[in-house]
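**Q** Chains as they are written, first to last, in full-length UniProt numbering: chain X, 1 to 318; chain F, 1 to 436.
Source of the hints: derived by calculation from the structure; they are not laboratory data. Please note that a few of the clues may not be correct.
The calculated lysine-lysine pairs, modelled on PhoX-like cross-linking and capped at a C-alpha distance of 25 Å, are [said to hold, decoys possible]:
id, chain 1, residue 1, chain 2, residue 2
1, X, K265, X, K235
2, F, K191, F, K231
3, F, K193, F, K296
4, F, K178, F, K370
5, F, K231, X, K70
6, F, K223, F, K420
7, F, K55, F, K249
8, X, K70, F, K223
9, F, K326, F, K165
10, F, K249, X, K265
11, X, K70, F, K296
12, F, K294, F, K371
13, F, K250, F, K193
14, F, K420, X, K265
15, F, K55, F, K149
16, F, K166, F, K371
17, X, K265, F, K433
18, F, K294, F, K171
Note that the structure is predicted; figures quoted are calculated from it, not measured.
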Amino acid sequence: MTAVAETNKGKLTAEEKAHLSDRAKGERNLGWRLAGPAFVIMLLVTLYPICYAVYLSLFNYRLTDPAGRKLVWLQNYITALSDPLFWQAFTTTLIIVVVTLVFELVIGMAIAMVMNRVVWPRKTLRTIVLIPYAIVTVVSGFSWLYAAQISTGFFNRWLHFFTFGGFSENYNWFGGRWSSLTIICLSEIWKTTPFMSLLLLAGLAQVDSAQEEAAKVDGATWWQRFTKVILPNMKAALMVALLFRTLDAVRIYDNPYVMTGGANKTETLSMLVGTETVSRVEIGMGSALAVILFVIVLIIAFIFVKLFKVDLTTSGRS
Amino acid sequence: MKRLRPPRRGIAISAVMVMAATGLAACGSSSGSSSGPAHLTWYINPDVGNADPSKGGQATLAKECSDASGGKYKIKVQLLPNSASDQRIQLLRRLAGGDKTMDLMSVDPAFVSEFAAAGYFAPMPQNMVKEFTADRVQSSIDASTYDGKLMSVPFWSNTQLLWYKKSVAQKAGLDMSKPVTWDQLIAAAQKTKMQIGVQAALYEGYSVWINALIAGAGGEIVKNPNATYDKIQLGLDSAAGRDAARIIKKVASTGVGGPAMGSSEETQSLNLFMSPQGGFLVNWPYTYGAYTAKDKSDVAATMYPETVAGKAARPPYGGIQLAVGKDSRHPALAYQAAACITSVKHQADYMAASGNPASSKAAYDTAEVKKAFPNGIADLIRKSLDVAAARPLTPYWGDISTALQQRFSPPNSVNQNTPKSTQSFILRVLNGKALL
Numbered sequence: 001m002t003a004v005a006e007t008n009k010g011k012l013t014a015e016e017k018a019h020l021s022d023r024a025k026g027e028r029n030l031g032w033r034l035a036g037p038a039f040v041i042m043l044l045v046t047l048y049p050i051c052y053a054v055y056l057s058l059f060n061y062r063l064t065d066p067a068g069r070k071l072v073w074l075q076n077y078i079t080a081l082s083d084p085l086f087w088q089a090f091t092t093t094l095i096i097v098v099v100t101l102v103f104e105l106v107i108g109m110a111i112a113m114v115m116n117r118v119v120w121p122r123k124t125l126r127t128i129v130l131i132p133y134a135i136v137t138v139v140s141g142f143s144w145l146y147a148a149q150i151s152t153g154f155f156n157r158w159l160h161f162f163t164f165g166g167f168s169e170n171y172n173w174f175g176g177r178w179s180s181l182t183i184i185c186l187s188e189i190w191k192t193t194p195f196m197s198l199l200l201l202a203g204l205a206q207v208d209s210a211q212e213e214a215a216k217v218d219g220a221t222w223w224q225r226f227t228k229v230i231l232p233n234m235k236a237a238l239m240v241a242l243l244f245r246t247l248d249a250v251r252i253y254d255n256p257y258v259m260t261g262g263a264n265k266t267e268t269l270s271m272l273v274g275t276e277t278v279s280r281v282e283i284g285m286g287s288a289l290a291v292i293l294f295v296i297v298l299i300i301a302f303i304f305v306k307l308f309k310v311d312l313t314t315s316g317r318s
Numbered sequence: 001m002k003r004l005r006p007p008r009r010g011i012a013i014s015a016v017m018v019m020a021a022t023g024l025a026a027c028g029s030s031s032g033s034s035s036g037p038a039h040l041t042w043y044i045n046p047d048v049g050n051a052d053p054s055k056g057g058q059a060t061l062a063k064e065c066s067d068a069s070g071g072k073y074k075i076k077v078q079l080l081p082n083s084a085s086d087q088r089i090q091l092l093r094r095l096a097g098g099d100k101t102m103d104l105m106s107v108d109p110a111f112v113s114e115f116a117a118a119g120y121f122a123p124m125p126q127n128m129v130k131e132f133t134a135d136r137v138q139s140s141i142d143a144s145t146y147d148g149k150l151m152s153v154p155f156w157s158n159t160q161l162l163w164y165k166k167s168v169a170q171k172a173g174l175d176m177s178k179p180v181t182w183d184q185l186i187a188a189a190q191k192t193k194m195q196i197g198v199q200a201a202l203y204e205g206y207s208v209w210i211n212a213l214i215a216g217a218g219g220e221i222v223k224n225p226n227a228t229y230d231k232i233q234l235g236l237d238s239a240a241g242r243d244a245a246r247i248i249k250k251v252a253s254t255g256v257g258g259p260a261m262g263s264s265e266e267t268q269s270l271n272l273f274m275s276p277q278g279g280f281l282v283n284w285p286y287t288y289g290a291y292t293a294k295d296k297s298d299v300a301a302t303m304y305p306e307t308v309a310g311k312a313a314r315p316p317y318g319g320i321q322l323a324v325g326k327d328s329r330h331p332a333l334a335y336q337a338a339a340c341i342t343s344v345k346h347q348a349d350y351m352a353a354s355g356n357p358a359s360s361k362a363a364y365d366t367a368e369v370k371k372a373f374p375n376g377i378a379d380l381i382r383k384s385l386d387v388a389a390a391r392p393l394t395p396y397w398g399d400i401s402t403a404l405q406q407r408f409s410p411p412n413s414v415n416q417n418t419p420k421s422t423q424s425f426i427l428r429v430l431n432g433k434a435l436l
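Just chain F, with the same shape it has in the complex:
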């Protein structure tokens, strides 16, 4: 035993030294000393390429911007979970825990306000605000703003269109060159015995629909989005709220929403639209690229349907904003990287490759975007984005959205009293008087 001791101690000492050396090396690289590029971590939502930089997704932009930085920074991507709710939980936990790797993150606009209000984002350099808002569609700037300040960088911006089959619209005698209303759509679907794809499962997409219907009737779910929970005022219990409830009930009770309307998310509604029964669909622009049925030449798009005849529709707004975490070691470099990622060229490339529309207006005039969204669809997306309505930019949207989905489910049970009862339920939840 005794003889073995010296070598063992030797091993132990060398092991400690190796550990110390690697530990120091790790510190050196992450603190971004002058010896090499700073390492930025970008938490991305899943897209066309995920972590693979050869597919044109966010990973590709990360690689191109790293190469273009001239050795200043190197961006590594980390993939977030699939659903928006799970993405929120992971980001929130890391931000609340003071994670220093939160250099850049792709955030769903529905949660930007919540994070911004909690002070989770690094302050944006004043001299970059102009660059981040120039040439952007207004709805994307609105969604990035909280309490009058730009809190995140508009990256890609989504909006829903009304997709239809030309043959079905013609048979129903519906003039699609003019704005159509939900009532007209339902009547057309009944007349032609076709179905309308909508999202009404118990998930965020259902809130997107409800919000678009209410906004289209000139209402708003939250009247004062910047208020704290005890002073918040809701606009659900209103004529606009009841208009929305009436349309949801009508789509469900007439059966034009399809047999599985209550469990229908984007994918299921797209599948319904691709089936022979599908006549109409409200969905994001990725629909065009994802439409794989034979009669693709029959597919066309127009503006989102009106809630009230004569009142311009407010299509849903979605997308992704880029944000820099408050505990990032390199906030300045991270904002520089965000500027590179959201350059017009990169937005156009990204839109063409992933099908996710740009927030930059100039991107819509590029040849690659026009090729990916032909027949005037690119222009239509751009126009729809100009009038799109974001979901309420309140820090409490997560709770409000869950409560909305629960109380409006199943869609067939929605009645004229639903907006009122939902409003009082949301207020009780926000004030800690009811569980969710």
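Here chain X stands alone, though its shape is the one from the complex:
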């Protein structure tokens, strides 16, 4: 066990990899034997449904009308990609992703830096910060819905009070697209910033304090130290955090479903997939949309991994 652990620590250099010794080969085999079963199970439970969805997406297939199943090749994709409803859902999703990501990154970074500096009570602080993330998304969605709607909400009353009556107490947040999206984004930011800050904290912990001190001695300002020393040193962690949150945000479903149900052009891509598959039982079109969503996620992952050079295996060691 110790031998395996040591070699896995990355002691193999490029030359060693080129001429694998018998021992290394044996260890590689052992690695496959250990990870193999898990890998096979993962293929079964993920690859099979994905392939099946791709297959189904080529049909005009309604669950309640099995006899009417017809192979239409790529017609579902053409229909979906040329439909205004799809692009409306795409835009809505994109807006939510960009807005939440920017706010989460800034706020998450600030919280991470505070957590990194604070010596006492560090553990308590981390626990408190994590509370929103521990709440089930549907529950937090309902909490924000009740907080913002006219009948049960307190938002309007507070805004009314702090603007000295300038803000109407009867403002319907869920009556329009932008006001609905504001509450949806707020809820999303509140819920997932802790996750972001925790990932960033892990990156911050790996920044060499000696470098930072050296920069300080050389007369670097706080901003210079932040941008020239801290950020480059934690780039890997930063990118991993961004990648995870982007992929998560693209699949947003719970919050808009609970708050608006997709009314006022707030339907997201995941909700569109749900509507087609669950309520309309149009399995073919639903699968096509799910595949499109999957491809979007793949493209985002590709951009991050290839263009921003995020190495998921050496997170924190840039």
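Go by the hints and put chain F onto chain X.
**A** Leaving out everything else, chain F in the frame of chain X:
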């Protein structure tokens, strides 16, 4: 550690045995062996008693029929979600998944065709068809029939009436003893500065109104309900469709539909009718029991308004049909239970307790029904049911209805071109050329 092993193994073995025993017991009870009554599950829509058997709702009927079966079966009720759309999704998912507990279910007539066409219902015993259609109002039999065969058991059957305040009608000079038209109603409401309660929110109830208006003008939304999606023919783009659009637009633009017409469901329209501004209302018979404002003696009902003057109205048809799932373990017993649940006495009891009208004609002559719907309202419901028009009995009604609601919303934006554009949109959706 070693010493602990034997007792642990003992515990494990006994645990396995207990699990096996309970597992077997569960199998024994559900397979309905000769040892005890068969367990039937009835998926009910929420009503007056929900799962409580002491309130006179479907749970009460379940209990009474279980007791009356002489130990043959025992019915357990499972409550479905509130909205018709959510009920459909739950039933459909279970039926498509081959759930063996789908012995009996209360299905909205709008979705009977969809389930029947998909082959989700157990075939009805031929010798029971006569029993299930005898003494039933015609619209309830129509709604239970798909492709010429009776697919479900007519249970309770609903229809909308025109509710009005006698004082308002008198002030407007409207003779309510004769059939009235929508145009007359709108004029009367304008004259008296009163409002008409309608359902025009983005939900199934709006489709109910649109369908009634089109049927009243002699049209039909779907011309060939049994056709597959690629051969379906729609009748929206017609004179009847444009008549319906004209009336919806007129109710909305004259303001007689109230300020919140576009978000008005049954409850909101009833509240409008109960308010001092309320003069008229089209709604289901539960209105009478649910009317809690002071001037109840001023409330009366008549036949649904005519779309076109001189052409008899086709009031909306609603209600619940009972169906037996294809994977039920006891289809024969389930149909026997359905016969017990829909007996004349049980329908009358249910109508009196829940306010949901019976599909049995004889039930309307019972004293308890006449007491629950006095002043001739019981007879009126019965007459309205005779001419009521069901929503198109096509398997694609779910999609058609959603598309209708979307394209006719908000009501004020409806114009003479709406039926035509809606028709082409529905056809594109059904053929997989547009998303919904």
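**Q** Taking the hints in turn, state whether each one holds.
**A** Comparing the hints with the structure gives:
1. Proposed proximity of K265/X and K235/X is contradicted: the alpha carbons are some 36 Å apart, above 25 Å.
2. About 47 Å separates the Cα atoms of K191/F and K231/F, which puts this hinted pair outside 25 Å; it is violated.
3. Using a Cα cut-off of 25 Å, the hinted pair K193/F and K296/F holds, with the two alpha carbons roughly 20 Å apart.
4. For the hint pairing K178/F with K370/F, the CA-to-CA distance comes to about 23 Å; that is within 25 Å, so the pair holds.
5. Distance restraint check for K231/F and K70/X: the Cα-Cα separation of roughly 14 Å lies within the 25 Å cut-off, and the hinted pair is therefore satisfied.
6. Taking the CA atoms of K223/F and K420/F, the gap is about 15 Å. The hint holds against a cut of 25 Å.
7. Distance hint between K55/F and K249/F is unfulfilled; the C-alpha atoms sit about 42 Å from each other, more than 25 Å.
8. Between K70/X and K223/F the CA atoms are separated by roughly 24 Å; this keeps the pair inside 25 Å, and the hint holds.
9. Annotation: proposed proximity of K326/F to K165/F is violated, straight-line Cα distance about 48 Å (limit 25 Å).
10. With a C-alpha separation of about 24 Å, the suggested pairing of K249/F with K265/X holds against the 25 Å cut-off.
11. Taking the CA atoms of K70/X and K296/F, the gap is near 57 Å; set against the 25 Å cutoff, the hint is violated.
12. Between K294/F and K371/F the alpha-carbon distance is near 20 Å, which keeps this suggested pair within the 25 Å criterion.
13. Between the alpha carbons of K250/F and K193/F the distance comes to roughly 15 Å, so the proposed pair stays at or under 25 Å and holds.
14. Under the criterion of a C-alpha separation no larger than 25 Å, the hint pairing K420/F with K265/X is consistent with the structure, at around 24 Å.
15. Restraint check for K55/F and K149/F: the C-alpha separation of about 34 Å exceeds 25 Å, so the hint is violated.
16. For the suggested pair K166/F and K371/F, the alpha carbons sit about 21 Å apart, so the restraint of at most 25 Å is met.
17. Distance hint between K265/X and K433/F is fulfilled; the C-alpha atoms sit about 20 Å from each other, no more than 25 Å.
18. Restraint check: the Cα-Cα separation between K294/F and K171/F comes to about 19 Å, which is no more than 25 Å; the hinted pair holds.
Taken one by one, the earlier hints fail for this structure at numbers 1, 2, 7, 9, 11, 15, listed in ascending order.
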